[in-house]
Amino acid sequence: MLSSLLLCSLLCPGLGPQNGDQDPVLPRVTDDSEKAPLGAEGKQLERGKIPAGTSDLARQRFERLSSSTWTGEKAPARLRSFMVTFDARVRATSSGSNDLRTTFLYLEEGRGYVRGIFPKSRRESVRGPEGDWLLDGEELLDLSDHSNLESRREHQRWLALARNFAILASPGNLRLGRLQAAQVEGQGQELKIGEGLPIQFPSSGHAKRARQLEWLQLTTPDFDLLASKGSRTALRQVRLGLDPKDGRVRFALVEPMDAKAPLTSAPILVEIPSWITINQRLLPKQLLVHRRPAAENPQDPGLSKPYPARLAFEKLPGVDLFLVMGQTKMDVNLSAADFAQPGPR
6 MLSSLLLCSL LCPGLGPQNG DQDPVLPRVT DDSEKAPLGA EGKQLERGKI
56 PAGTSDLARQ RFERLSSSTW TGEKAPARLR SFMVTFDARV RATSSGSNDL
106 RTTFLYLEEG RGYVRGIFPK SRRESVRGPE GDWLLDGEEL LDLSDHSNLE
156 SRREHQRWLA LARNFAILAS PGNLRLGRLQ AAQVEGQGQE LKIGEGLPIQ
206 FPSSGHAKRA RQLEWLQLTT PDFDLLASKG SRTALRQVRL GLDPKDGRVR
256 FALVEPMDAK APLTSAPILV EIPSWITINQ RLLPKQLLVH RRPAAENPQD
306 PGLSKPYPAR LAFEKLPGVD LFLVMGQTKM DVNLSAADFA QPGPR
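Numbering (my numbering), first residue to last: 6 to 350.
Incorrect hints may appear among the rest.
As the list claims (entries may be wrong) - Each computed DSBU-like pair below joins lysine-lysine, with the alpha-carbon atoms no more than 35 Å apart: (1) K197 with K250; (2) K250 with K334; (3) K54 with K290; (4) K250 with K213; (5) K250 with K290; (6) K290 with K334; (7) K79 with K250; (8) K320 with K213; (9) K54 with K79.
No lab work stands behind these hints: they were computed from the structure. It should be emphasised that the depicted structure is a prediction, and the values quoted were computed from it without experimental measurement.
My request is simple: use the sequences and hints to build the entire structure.
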């Protein structure tokens, strides 16, 4: 099976494609040619470029953030590919939790190619040049088919987590529509951080930690939401809480640009308690993804969703990811062919 051979080639020394011997890049599908958002100057956003008019404080915080994820004297090359394995716990409001191990392959190609491999359930979730696919045992689902709603939701969740890990591991690659420093106001569990709705943190402990951080507020298409009905290149509003000691992200709040609109694309709060060094790159060792309380969603689909007064998040994370060091590699030699439609070819 493709996934087994590919994982072996990446984990076993001396195996797998070598430089100059890669499979040819396959043609992109329509979504890959979707234009990136434009900045304030009417130009397409460039990775790592700080917008004109950014304050000195915001610039300083972003530059420190950009250099916070490597340990050598010289910055490593831009992170374009990786293989990362997580032990994951996924909590559902009605059915308890599910523990699993998953491996993600990622390539910064087109709209970001992702291959998620789930050995326990014999599943593969793929976004590649041929589209979006889910292999469930022997059944291959084309996720462009809108009838596969639940499968599409699961697929989008894993795509978002892989994409967010990629940008957290290499934040200097962010495409920035706007960048500004944000102030924290409030003393309780609910805090006002920069512009936008107040944030009700999962606990008073979370809020206490948030008050101790330095915050940036930005717009970018590079963070993703767990469930999104918008364009894959749509701008998101992101608030990043940076550790004043080392500049690393401790909280990342990702939300739709118009947070006061009915929330068809629910915001997420990502907590990063610890980081780990692999080949001079600092990577999130654990990711805790907090979601909106289920009670905020109307039970009757005919009811309109109310405008929220705040962004509230559940105390327990909906997804808990813990990085497995021995099965994680950065800057892996991948091509678009590694993200082909899963299953027998």
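The hints, checked one at a time:
no.	hint	verdict
1	K197 with K250	holds, 22 Å
2	K250 with K334	holds, 27 Å
3	K54 with K290	holds, 27 Å
4	K250 with K213	holds, 16 Å
5	K250 with K290	holds, 18 Å
6	K290 with K334	holds, 13 Å
7	K79 with K250	holds, 20 Å
8	K320 with K213	holds, 14 Å
9	K54 with K79	holds, 19 Å
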